[in-house]
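A.B. asks: Here's the letter readout for the chains.
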Amino acid sequence: MNANESLPRVGPVLRTSGLEKEYGHGEGLVRAVDAVELEVASGETLAVMGPSGCGKSTLLHLLGGLERPTAGEVWLAGRRIDELSEKALARLRRHAIGFVFQAFHLMDELTAAENVELPALLAGRSPRAARRRAAELLEEVGLTDRKEHLPSALSGGQRQRVAIARALSNDPLVVLADEPTGNLDSAATLDVLRLLESLRSTGQTLLIVTHDARIAATADRLISMRDGTFVEETRLTHGPTGRLAELAGLER
Amino acid sequence: MQEAVRLSMEEPAQGYQLRVVREVLLALLAKEASHGYQLRARLQLALGPLAEALNAGHVYVTLTRLEKAGLVTSERVGQADRPDRKVYELTAAGRARVTDWLEDTSWPKPAPAEFHLKLVAAAAAGLADPVRLVDAQRHALLAGLAVAQRAALAEPDGSIAGLLLEGVVLRLQADLRWLEACARYWNATKGRS
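Protein chains in written order, with the working numbering: chain A, 1 to 252; chain B, 1 to 193.
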């Protein structure tokens, strides 16, 4: 049984209203996220950029139910999640949300395939179904020949691709990625970039927090954050070839 | 009536042009005489998706001008089932021009001074927050990067046009890195005042 199927598919996948998160008290009070209104449509890739400390990672944690807001609401597929019990929230995270972190967070003692199988097993799928799905996903990320390797035997880019496959293991409603290329060199960044671009084209809803311009440029929409609020928003649709011509130095 | 004339004057020419199209065509003729059609095909291969934006008649118009300037000569060649074609050949003056172009190291304009002064002036006059101007500029460049990067990813490995698109992507990345430095500077200034 896929728990996601019981959730309605109409409307935005993710929505927040008046979202706030404060840390500390008195003089030391910091409002990391301040009155954020956000909607992410189904199948959309959204990139959130901003300098370190602007609140973008906190926002991602609030959206994924890893932290609770000080005020405001978070809705996932038409269901309010910021008030759920810890248990219900943990269940939701396992079934409906895929996480990708800068530091990969793979289990060192499990093979690539076992890492990808794990979320499906925790969500109650049969070992056979979990294994089949892991094989599919590792093929998608181009690591079929590395599936029996431990993370320590993989390069940074390969580890992140395993982590992305793991995030997709339960066909999540949304994948939340926090600086997915923050630890990667430019060649590995390009691998992850191609993977994100292909995920986008398959219609996976994706929210990426990044300061890497190339990663942000794969998105359908870009939001910049400063001091906990959104300051600039742009739709990055396919431009006319004229735009490209100008960038390459051709003239009218 | 006056209005209509003015509008048609302002209408942009069909498509884009290469500033150095004369030099490029001359250089392509340096090895052997060619039809305009062959020259256009060479340009299209090198430019890939950018060739779509290029004005189709530009190559032919330019060849006619080069002939008038004495940099190429042309000869009509008959074809069995189609109108005659013109075959163009480089003259000695044309060859000298190609040599000059290859040795010229001037580089097309990078524009940091203009934007830098815009930020300085905006801050001095209190007209706009420089950090906001940087944010808006960054989004404009990222929209360009999105277009260029998608075009680059769509090129097959080893594509000659892919090499050009890589140049566009890298240059935008460099500009974006500089904008980050601008944002840091002006943000810090705000903290001090």
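Hint data in this document are derived by calculation from the structure and do not stem from the laboratory. Cβ coordinates follow ideal geometry from the N, Cα and C atoms, glycine included. Heads up, some of the hints might be wrong.
Estimated spans, in silico, between C-beta atoms of each pair [to be verified]:
1) B:Lys118 <-> A:Asp145: 29 to 37 Å
2) B:His116 <-> A:Glu39: 33 to 41 Å
3) A:Glu233 <-> B:Ala96: 21 to 29 Å
4) A:Glu39 <-> B:Gln38: 23 to 31 Å
5) B:Lys109 <-> A:Glu37: 57 to 65 Å
6) A:Ala41 <-> B:Gly126: 13 to 21 Å
7) B:Tyr60 <-> A:Asp171: 21 to 29 Å
8) A:Glu136 <-> B:Gly158: 53 to 61 Å
9) B:Lys118 <-> A:Thr70: 37 to 45 Å
10) A:Thr229 <-> B:Leu127: 21 to 29 Å
11) A:Ser85 <-> B:Leu127: 24 to 32 Å
A.B. asks: Now tell me, hint by hint, if it's right for this structure.
C.D. replies: Hints, verified against the model:
Between Lys118 of chain B and Asp145 of chain A the beta carbons are some 52 Å apart, a value that contradicts the proposed interval 29 to 37 Å. A hinted range of 33 to 41 Å for the beta carbons of His116 of chain B and Glu39 of chain A is consistent with their spacing of about 36 Å. Distance hint for Glu233 of chain A and Ala96 of chain B: a CB-CB separation of about 54 Å, inconsistent with the stated range 21 to 29 Å. One distance hint, 23 to 31 Å for the beta-carbon pair Glu39 of chain A and Gln38 of chain B, is violated here, with the actual separation near 53 Å.
Between Lys109 of chain B and Glu37 of chain A the CB atoms are about 40 Å apart, so this pair departs from the stated range of 57 to 65 Å. Judged by the Cβ atoms, the range 13 to 21 Å given for Ala41 of chain A and Gly126 of chain B is violated: they are separated by roughly 39 Å. Here the CB-CB span from Tyr60 of chain B to Asp171 of chain A is close to 55 Å, at odds with the stated 21 to 29 Å. Taking the beta carbon of each, Glu136 of chain A and Gly158 of chain B are about 30 Å apart, not inside 53 to 61 Å as hinted.
The hinted window of 37 to 45 Å between Lys118 of chain B and Thr70 of chain A holds, with their beta carbons roughly 38 Å apart. The hinted window of 21 to 29 Å between Thr229 of chain A and Leu127 of chain B holds, with their beta carbons roughly 22 Å apart. At about 52 Å, the beta-carbon gap between Ser85 of chain A and Leu127 of chain B misses the expected band of 24 to 32 Å.
Checked against the numbered hints given earlier, this structure breaks hints 1, 3, 4, 5, 6, 7, 8 and 11; the rest are met.
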